[in-house]
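2 protein chains.
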Amino acid sequence: MSTPPVTVETINPKVLKCEYAVRGEIVTQAQRLQEELKAQPGSHPFDEILYCNIGNPQSLGQQPITFFREVLALCDHPSILDRSETQGLFSADAIERAWKILDQIPGRATGAYSHSQGVKGLRDSIAAGIAARDGFPADPNDIFLTDGASPAVHMMMQLLIRSEKDGILCPIPQYPLYSASIALHGGTLVPYYLDEATGWGLEVSELKKQLEAAKSKGITVRALVVINPGNPTGQVLAEDNQRAIVEFCKKENLVLLADEVYQENVYVADKSFHSFKKVSRSMGYGEEDISLISFQSVSKGYYGECGKRGGYMEVTGFSADVREQIYKVASVNLCSNISGQILASLVMNPPKVGDESYESYSAEKDGILSSLARRAQTLEDAFNSLEGVTCNKAEGAMYLFPRLHLPRKAIEAAEAAKTAPDAFYARRLLEATGVVVVPGSGFGQVPGTWHIRCTILPQEDKIPAIVSRLTAFHQAFMAEFHD
Amino acid sequence: MSTPPVTVETINPKVLKCEYAVRGEIVTQAQRLQEELKAQPGSHPFDEILYCNIGNPQSLGQQPITFFREVLALCDHPSILDRSETQGLFSADAIERAWKILDQIPGRATGAYSHSQGVKGLRDSIAAGIAARDGFPADPNDIFLTDGASPAVHMMMQLLIRSEKDGILCPIPQYPLYSASIALHGGTLVPYYLDEATGWGLEVSELKKQLEAAKSKGITVRALVVINPGNPTGQVLAEDNQRAIVEFCKKENLVLLADEVYQENVYVADKSFHSFKKVSRSMGYGEEDISLISFQSVSKGYYGECGKRGGYMEVTGFSADVREQIYKVASVNLCSNISGQILASLVMNPPKVGDESYESYSAEKDGILSSLARRAQTLEDAFNSLEGVTCNKAEGAMYLFPRLHLPRKAIEAAEAAKTAPDAFYARRLLEATGVVVVPGSGFGQVPGTWHIRCTILPQEDKIPAIVSRLTAFHQAFMAEFHD
Numbered sequence: 001m002s003t004p005p006v007t008v009e010t011i012n013p014k015v016l017k018c019e020y021a022v023r024g025e026i027v028t029q030a031q032r033l034q035e036e037l038k039a040q041p042g043s044h045p046f047d048e049i050l051y052c053n054i055g056n057p058q059s060l061g062q063q064p065i066t067f068f069r070e071v072l073a074l075c076d077h078p079s080i081l082d083r084s085e086t087q088g089l090f091s092a093d094a095i096e097r098a099w100k101i102l103d104q105i106p107g108r109a110t111g112a113y114s115h116s117q118g119v120k121g122l123r124d125s126i127a128a129g130i131a132a133r134d135g136f137p138a139d140p141n142d143i144f145l146t147d148g149a150s151p152a153v154h155m156m157m158q159l160l161i162r163s164e165k166d167g168i169l170c171p172i173p174q175y176p177l178y179s180a181s182i183a184l185h186g187g188t189l190v191p192y193y194l195d196e197a198t199g200w201g202l203e204v205s206e207l208k209k210q211l212e213a214a215k216s217k218g219i220t221v222r223a224l225v226v227i228n229p230g231n232p233t234g235q236v237l238a239e240d241n242q243r244a245i246v247e248f249c250k251k252e253n254l255v256l257l258a259d260e261v262y263q264e265n266v267y268v269a270d271k272s273f274h275s276f277k278k279v280s281r282s283m284g285y286g287e288e289d290i291s292l293i294s295f296q297s298v299s300k301g302y303y304g305e306c307g308k309r310g311g312y313m314e315v316t317g318f319s320a321d322v323r324e325q326i327y328k329v330a331s332v333n334l335c336s337n338i339s340g341q342i343l344a345s346l347v348m349n350p351p352k353v354g355d356e357s358y359e360s361y362s363a364e365k366d367g368i369l370s371s372l373a374r375r376a377q378t379l380e381d382a383f384n385s386l387e388g389v390t391c392n393k394a395e396g397a398m399y400l401f402p403r404l405h406l407p408r409k410a411i412e413a414a415e416a417a418k419t420a421p422d423a424f425y426a427r428r429l430l431e432a433t434g435v436v437v438v439p440g441s442g443f444g445q446v447p448g449t450w451h452i453r454c455t456i457l458p459q460e461d462k463i464p465a466i467v468s469r470l471t472a473f474h475q476a477f478m479a480e481f482h483d
Numbered sequence: 001m002s003t004p005p006v007t008v009e010t011i012n013p014k015v016l017k018c019e020y021a022v023r024g025e026i027v028t029q030a031q032r033l034q035e036e037l038k039a040q041p042g043s044h045p046f047d048e049i050l051y052c053n054i055g056n057p058q059s060l061g062q063q064p065i066t067f068f069r070e071v072l073a074l075c076d077h078p079s080i081l082d083r084s085e086t087q088g089l090f091s092a093d094a095i096e097r098a099w100k101i102l103d104q105i106p107g108r109a110t111g112a113y114s115h116s117q118g119v120k121g122l123r124d125s126i127a128a129g130i131a132a133r134d135g136f137p138a139d140p141n142d143i144f145l146t147d148g149a150s151p152a153v154h155m156m157m158q159l160l161i162r163s164e165k166d167g168i169l170c171p172i173p174q175y176p177l178y179s180a181s182i183a184l185h186g187g188t189l190v191p192y193y194l195d196e197a198t199g200w201g202l203e204v205s206e207l208k209k210q211l212e213a214a215k216s217k218g219i220t221v222r223a224l225v226v227i228n229p230g231n232p233t234g235q236v237l238a239e240d241n242q243r244a245i246v247e248f249c250k251k252e253n254l255v256l257l258a259d260e261v262y263q264e265n266v267y268v269a270d271k272s273f274h275s276f277k278k279v280s281r282s283m284g285y286g287e288e289d290i291s292l293i294s295f296q297s298v299s300k301g302y303y304g305e306c307g308k309r310g311g312y313m314e315v316t317g318f319s320a321d322v323r324e325q326i327y328k329v330a331s332v333n334l335c336s337n338i339s340g341q342i343l344a345s346l347v348m349n350p351p352k353v354g355d356e357s358y359e360s361y362s363a364e365k366d367g368i369l370s371s372l373a374r375r376a377q378t379l380e381d382a383f384n385s386l387e388g389v390t391c392n393k394a395e396g397a398m399y400l401f402p403r404l405h406l407p408r409k410a411i412e413a414a415e416a417a418k419t420a421p422d423a424f425y426a427r428r429l430l431e432a433t434g435v436v437v438v439p440g441s442g443f444g445q446v447p448g449t450w451h452i453r454c455t456i457l458p459q460e461d462k463i464p465a466i467v468s469r470l471t472a473f474h475q476a477f478m479a480e481f482h483d
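Chains U and S, in that order, are what the protein sequence lines are.
Read in order, the letters of the first sequence correspond to residues 1 to 483 in the UniProt record's numbering.
Read in order, the letters of the second sequence correspond to residues 1 to 483 in the UniProt record's numbering.
Identical copies carry no separate label here, and so any pair may be met within one copy or between two of them.
With a cut-off of at most 25 angstroms between alpha-carbon atoms, the simulated SDA-like pairs for lysine to any residue come out as follows:
1. Lys-278 / Ser-205
2. Lys-165 / Thr-10
3. Lys-120 / Leu-33
4. Lys-120 / Ala-39
5. Lys-208 / Lys-251
6. Lys-418 / Ala-432
7. Lys-120 / Leu-37
8. Lys-17 / Arg-323
9. Lys-328 / Glu-164
10. Lys-100 / Thr-66
11. Lys-100 / Ser-79
12. Lys-14 / Lys-215
13. Lys-250 / Thr-7
14. Lys-14 / Thr-220
15. Lys-251 / Ala-213
16. Lys-250 / Thr-10
17. Lys-251 / Thr-10
18. Lys-328 / Gly-186
19. Lys-17 / Arg-162
20. Lys-120 / Glu-35
21. Lys-17 / Lys-165
22. Lys-462 / Val-389
23. Lys-17 / Ile-219
24. Lys-17 / Ala-320
Just so you know, the hints here were simulated from the structure itself, not pulled from any lab data.
Chain U with its partners taken away, still in its complex shape:
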């Protein structure tokens, strides 16, 4: 084959342009090191790779919530539901819940394609869960179940972006799903900067400034992405800040794309999560006033069921004919996976006081969330104790995003190696310690500043080793490149 039909020169240039650092070069290198360690133990100065690059809790030993898995197993194999042995193996409320869910699925067929928005009965449960969370009604017909939040984001970008003249306001730093999806769909990312000095504050004045700048370049800004709690930045927005954001979207006629997948992950006593739907309804704004999408996922929270690929978007404030178009795009992929749909209904309706599983469920949930809070604090303290490193609090989500004030010689060494200084630091960290973090340049940052994103997910017994290895590495790095 002298000229293959497809080369990197002849593929869709939007694909080439797309970047996704969370699974980028550094992860590939980590996997290579892991294989080397396996083939030749002792070949590196560490005995395991510690993946702090991705919000993937169960890959690091977090156990699934028992009740959720009981229900999933029973729905996968309903023919054991009325066997006597099942009573001994599964909790009574899991059996009851499985029956209830099966009755919500037409023909109890967990192996059938569902309605393209998801099983109606499961959407009813999710809407009830949203209403209980917010204190405002939710409509099951507004729910679109998806294989995780990522496909939902793609679906909305596909709908909104017509050309590179369409812009989407995104936080910087941002979770690179947004930049990747905007690139794949040929739009323009309009950045707004979070203010590191005020704990990654989101200022409406900055939104206005960037919106005007984009307009002056001929960009039609169509939507505002807000990630709350923040990824990679971990801040939890205050309610009055959220009100100002809603007001801004209403005034500027923007769709508000609210990434709320970390809604269960808040670690500080003085903050709590408020959905943008609740905030806008409490301002008196309804369907006619604001176009709002809320993204939720089963991958995050205390459940961390990443591999199940479940999630939903709640679509409010769109006309019937636009919703028909969203439905059509959903229908081309038929439906999301039913186990993920079931799990989404479970996380929005966990066991309640009085249910047989309630005590053990609560213990599992509280154990995970309180441990995450401790890990966040320990790692934050560790980063802040390092020379030239400053780290905001992880109020929520699963990440720390410390700033690296790197010596000039380190920056020159990175330039010589043709890499960004934070990528240079992350690679050195990996090679010295086996700890995998993502360079800040993968998320965007104020030019001339450098960061890394480090998850708080390694199990608690690993944290001391991470802290000591990180500290030793950093001291050696700073000594090596001292001015």
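Keeping the supplied structure of chain U fixed, place chain S upon it in accordance with the hints.
Same frame as chain U, now just chain S:
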């Protein structure tokens, strides 16, 4: 909100252009009728809706394969694996297989994101299954696990299509995933017609003709889609025909996109399924000679696990740097759902002679496939017995695509109702009988010809009623519109 931020006039026009008839207007109408029947039994001249519009076997009562579901349930809730009650509830080989699969998943974490191509150990199993099927080696690094075949097709269209000047050769009639995906990605569908007179024959002379016609319009044709066994047309390609197709792709430097999701669904003794990979390898063509993607799904076959959203594509004959780009796009969505991945490994490696479940597994499989063959024959005969209807054999897949030779007056009535004549027929059929079929116009057809697609999936005890209702309806329809 005087001007909402998003209207049908301001969404991406590619979304507007996309059509997907399998879940289109007629299905919405069927759902409405079903609700009316539920609210007011006896309100229509039938007591249930019979969905013959979509390849969704379990929605119509087909039971899942027990062994597959046992393994899925155990992998969802591994903590019961070593409990004594489990021995009584699950077959020994399902327990053994679950352990084996869990050992293939890093940390036994079925709730973790996997490698973006899918769990390596599961890809090893799938590659072994492909090699056993074809008699040629398969590489686990060529496998990309996906949430069903549809996302895999989208991924390749996204890679291949740069603008409306890029064309994809697709059969007409075609499964509308292809037209929808090409529209969403802004490319041009280059049609080639299957020859109804020769049992939906695929002629290379027709491919050449359409390729030249497209070239003369300035279209760069990048790939050829072949659906084998055919959807909606049900033909199974002969091996020498497949060789000619491979030769054509090689000569014209086209990627061969082989939709092989019905590989287990062949109902005639004189035909069998050959993968395009096997055919090209048996011609002596390797990685350097032909760029080939094979799509497979857990939704079809005898298993019909549509709701699990599992599938894979086997990617061969692409350079390392192009494969890196495919990997990058896969990584933006992180991974496909793990249950679907497990199921894909199971369908490619079902129980073998000597395994405890083998007898019952074989009985379930053979029962489903032989029943499908009988249903295909009965429905084919029924269609062929109708005045003005001709129907090719369903050699494979799950559909019949009978041609309707409609009276002039029926065509005029359709025109008056501003609808295609086959859509007019399908709507009348639904209203009179509750049977849902998809108009041929949703798949494409030779202009001036009219068809419907009818699945062979209703359970066998429903078939006589379908045949008698269809026959009575058709006679009345023909009488009403007689010239």
